[in-house]
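Participant: Mapping to the UniProt record's numbering: the sequence shown position 77 is 77, numbers consecutive.
In short, the hints are calculated from the structure, not lab data.
Glycine is no exception: its CB is placed at the ideal position from the N, C-alpha and C atoms.
One thing to keep in mind: the hints can contain errors.
Said to hold, decoys possible - Distance ranges between label pairs, derived from CB positions:
# : residue 1 : residue 2 : range
1 : VAL70     : ILE97     : 14 to 22 Å
2 : LYS31     : ASN129    : 39 to 47 Å
3 : ILE286    : ASP35     : 40 to 48 Å
4 : TYR280    : LEU78     : 41 to 49 Å
5 : GLU99     : GLN73     : 17 to 25 Å
6 : ASP94     : SER288    : 31 to 39 Å
To be verified - No more than 25 Å apart at the CA atoms, straight line, and that leaves these computed lysine to aspartate or glutamate pairs for DMTMM-like:
#  : residue 1 : residue 2
7  : LYS57     : ASP35
8  : LYS57     : ASP111
9  : LYS208    : GLU162
10 : LYS223    : GLU272
11 : LYS223    : GLU69
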Amino acid sequence: MACISFFACVYRIIMAFTRAIVFSIFPAPKKSINDEIVLITGSGGVLGRALAIEFSKYGAFLCLWDIDEVENQKTYELLSTQYNHRRMVAMKVDITIPEEIHRAAERIRLDIGNVSIVVQNAGVVTCKNVLDLNQEDIKRTFNVNVISHYHINQAFLPAMIERHYGHIVAIASNCALFGLSHLGDYCASKFAIIGYMECVEDEIFRSKCSGVNTTIVILGPLKGGLNKRVTEIVIPDSVNFLPASFCAQRIVEGVITNQKFLYIPKFYRLLEFVKSFLPYDAFKAILSYVLNVHDPNLKRNRSRKPARL
Numbered sequence: 001m002a003c004i005s006f007f008a009c010v011y012r013i014i015m016a017f018t019r020a021i022v023f024s025i026f027p028a029p030k031k032s033i034n035d036e037i038v039l040i041t042g043s044g045g046v047l048g049r050a051l052a053i054e055f056s057k058y059g060a061f062l063c064l065w066d067i068d069e070v071e072n073q074k075t076y077e078l079l080s081t082q083y084n085h086r087r088m089v090a091m092k093v094d095i096t097i098p099e100e101i102h103r104a105a106e107r108i109r110l111d112i113g114n115v116s117i118v119v120q121n122a123g124v125v126t127c128k129n130v131l132d133l134n135q136e137d138i139k140r141t142f143n144v145n146v147i148s149h150y151h152i153n154q155a156f157l158p159a160m161i162e163r164h165y166g167h168i169v170a171i172a173s174n175c176a177l178f179g180l181s182h183l184g185d186y187c188a189s190k191f192a193i194i195g196y197m198e199c200v201e202d203e204i205f206r207s208k209c210s211g212v213n214t215t216i217v218i219l220g221p222l223k224g225g226l227n228k229r230v231t232e233i234v235i236p237d238s239v240n241f242l243p244a245s246f247c248a249q250r251i252v253e254g255v256i257t258n259q260k261f262l263y264i265p266k267f268y269r270l271l272e273f274v275k276s277f278l279p280y281d282a283f284k285a286i287l288s289y290v291l292n293v294h295d296p297n298l299k300r301n302r303s304r305k306p307a308r309l
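Can you make the complete structure from the sequences, with help from the hints?
Facilitator: Right, dumping it as structure tokens:
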């Protein structure tokens with residue numbers, strides 16, 4: 001029995017390397033998402049709006065969730081007028097309230113159908129020194145950035161597993177790879193998301209449900225939205241921030257090619273590898289050089305409200 005398990009392990013390793021080599025030379029096969037029901041949380045934000053636009057180009061039916069009804073409506077109207085996309089619904093949902101999540105999920109099931117792609121994009125950051133974070137700051141960050149994922153997946157994943165079809169996408173961050181001053185709540189929440197999503201992926205794998213996929217997105221600094229305040233306090237203007245449209249294109253490509261981990265830009269994959277073997281002080285020296293991080297004590301502001309993605 002142990003011998004069979006060993007050879008099965010070797011076979012899986014060989015197949016994984018074979019696929020990686022083949023897809024580094026030839027384009028990976030793409031699945032169609034035309035007519036698929038795609039749920040996007042935080043769709044009123046910079047990246048959420050860009051994701052909605054990109055998914056609309058593939059003919060998906062969009063379910064737009066955001067607590068900010070005004071910004072979410074702007075996304076809806078933009079898609080309607082400039083992109084001539086009508087197949088969507090905009091809903092005000094507070095993802096920190098489990099009852100709201102399940103009510104909205106049930107409404108979608110009854111009125112539209114089964115969601116096949118869930119993009120958990122909503123996020124907040126407080127930007128305070130770890131000693132200045134109060135209980136409400138920490139609870140808000142973790143409720144939005146982490147705990148909401150549990151409730152959203154519990155609302156939609158069972159139907160995916162039952163149908164052997166679906167895709168769960170979690171938008172993490174480069175802050176899931178290393179910690180930065182004044183981002184103690186945000187970094188911790190993004191570290192948590194990677195661990196949680198790996199657990200979800202493993203449970204799907206052990207249930208032998210090959211038709212349900214997961215994608216974890218490690219995303220660099222984004223122009224506007226969440227990172228606008230981070231720039232003021234931690235990261236200087238000299239850092240090249242990523243356009244939301246570019247990130248959305250890469251994320252949707254990652255979904256239709258079933259990528260498990262997606263690094264935007266790919267440099268962060270190298271940075272993660274470097275961290276694994278360098279002395280910690282050496283890695284910190286490289287990180288400080290690459291990010292050219294501000295001294296956060298020069299621009300402290302405890303009164304700011306959390307920013308959103």
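Participant: Does each hint hold? Answer for all of them.
Facilitator: Quick rundown of the hints versus the structure:
One distance hint, 14 to 22 Å for the beta-carbon pair VAL70 and ILE97, holds here, with the actual separation near 19 Å. Judged by the Cβ atoms, the range 39 to 47 Å given for LYS31 and ASN129 holds: they are separated by roughly 45 Å. Range check, ILE286 to ASP35: about 46 Å between beta-carbon atoms, so the 40 to 48 Å window is met. For TYR280 paired with LEU78, a C-beta distance near 45 Å keeps the hint of 41 to 49 Å intact.
The supplied range of 17 to 25 Å is met by GLU99 and GLN73, whose beta-carbon atoms lie about 23 Å from each other. The hinted range of 31 to 39 Å is satisfied by ASP94 and SER288, whose Cβ atoms lie roughly 38 Å apart. Taking the CA atoms of LYS57 and ASP35, the gap is near 11 Å; set against the 25 Å cutoff, the hint holds. Distance hint between LYS57 and ASP111 is fulfilled; the C-alpha atoms sit about 23 Å from each other, no more than 25 Å.
Restraint check: the Cα-Cα separation between LYS208 and GLU162 comes to about 11 Å, which is no more than 25 Å; the hinted pair holds. For the proposed pair LYS223 and GLU272, the alpha carbon gap of about 22 Å is at most 25 Å, so the pair holds. Between LYS223 and GLU69 the alpha-carbon distance is near 22 Å, which keeps this suggested pair within the 25 Å criterion.
When each numbered hint is compared with the structure, no violation occurs for any of them.
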